[in-house]
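Peer 1: Residue-level listing of the chains:
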Amino acid sequence: MFTRWSAAVAAAILLSSPALLEGASAADKPTDPQIAHIAYTAGVIDINAAKQAQKRAKSKDVKAFAEDMLRDHEAVNKQALALVKKLNVTPEDNDTSKALSKQASDKLAELDKLDGAAFDKAYVANEVAYHKAVNGALETQLIPSASNAELKSLLQTGLKIFQGHQQHAEHVAAELK
Amino acid sequence: MPERLASIAIALVLAAMVTPAHAATIEITMENLEISPADVTAKVGDTINWINKDVFAHTATAKNGDFDVTLPPKKSATSVLKKAGAIDYYCRYHPNMKATLKVEP
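Going down the list, the sequences are from chains A and B. FYI, the UniProt record's numbering numbers position 138 of the first sequence as 138, with every residue one higher than the one before it. FYI, the UniProt record's numbering numbers position 61 of the second sequence as 61, with every residue one higher than the one before it.
No wet-lab data here; the hints were simulated from the structure. All values reported here derive from a predicted model rather than from experimental measurement. You may find that some hints are simply not true.
Stated by the list, open to error - With a Cα cut of at most 27 Å, we get these calculated DSSO-like pairs of lysine-lysine: (1) K82/B x K98/B; (2) K82/B x K160/A; (3) K82/B x K63/A; (4) K43/B x K63/A; (5) K98/A x K51/A; (6) K43/B x K82/B; (7) K152/A x K63/B; (8) K98/B x K86/A.
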């Protein structure tokens, strides 16, 4: 149920305007080209958040965390691009990707108003929530829906990486308190 | 040149003699965000050869501070075990990667 899934992700990740949910695809579940697009978009979002953090963060731990996110998500997305090329799949934009991007740009704008310790806290809290939401979507929808074995396997590696990031973010958040 | 071969042979024998008999090299691999084997028993003086097969950087960080090895993507590193004890270690970048190293005296 792609519609329901979009709504669930949106509820978890978007926390915002219900209008965003309305255009969701009527397809039963996301197709591989859509899954590839969503996964890649989710990576780009965290890369952009990390780039912002590199500029605005104050704490050494938060800066280091942002660098780790940048490095890992770039590595995952590089693998994703290599895979779609190999499989001759064109990632297909879809309403979930669009909703994710919209929410992410709103979040970037919101965090851009913060500085120093306030930024550090807000960025790390969002990293915890964001990875949690993406992991939930990977586990319950994206991985089960993926039909290509290599795509499924890459998503499974991604899940382990992002679960690691979530724990890392939780650790950094605890240290900031 | 038999003489040269002989001296190389002697050098090798001498080199073997200065290495303590029990010292071993143990390989621990990180692949697909998993540490394997996850439970290793070694002895003080043994060398751990950490092998990172992932495209991601990892670390082997002892909870008790005994070691903290950084492993760039697709690289390996070695460390010599100096202290006995059961050491829990993890990857700082992905704390869900956890394992135990038991070092016997």
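Peer 1: Against this structure, judge whether each hint is valid.
Peer 2: How the hints compare with the structure:
Taking the CA atoms of K82/B and K98/B, the gap is near 21 Å; set against the 27 Å cutoff, the hint holds. For the proposed pair K82/B and K160/A, the alpha carbon gap of about 32 Å is over 27 Å, so the pair is violated. Restraint check for K82/B and K63/A: not satisfied, since their Cα atoms lie roughly 33 Å apart, outside the 27 Å limit. Between K43/B and K63/A the CA atoms are separated by roughly 38 Å; this puts the pair beyond 27 Å, and the hint is violated.
The hinted pair formed by K98/A and K51/A meets the criterion: a straight-line CA distance of about 20 Å does not exceed 27 Å. Of the pairs offered as hints, the one joining K43/B and K82/B holds, with about 9 Å between alpha carbons and a cut-off of 27 Å not exceeded. With a C-alpha separation of about 33 Å, the suggested pair K152/A and K63/B falls outside the 27 Å cut-off, and the hint is violated. Proximity of K98/B to K86/A is assessed by CA-CA distance (about 33 Å); at most 27 Å being required, the pair is judged violated.
Checked against the numbered hints given earlier, this structure breaks hints 2, 3, 4, 7 and 8; the rest are met.
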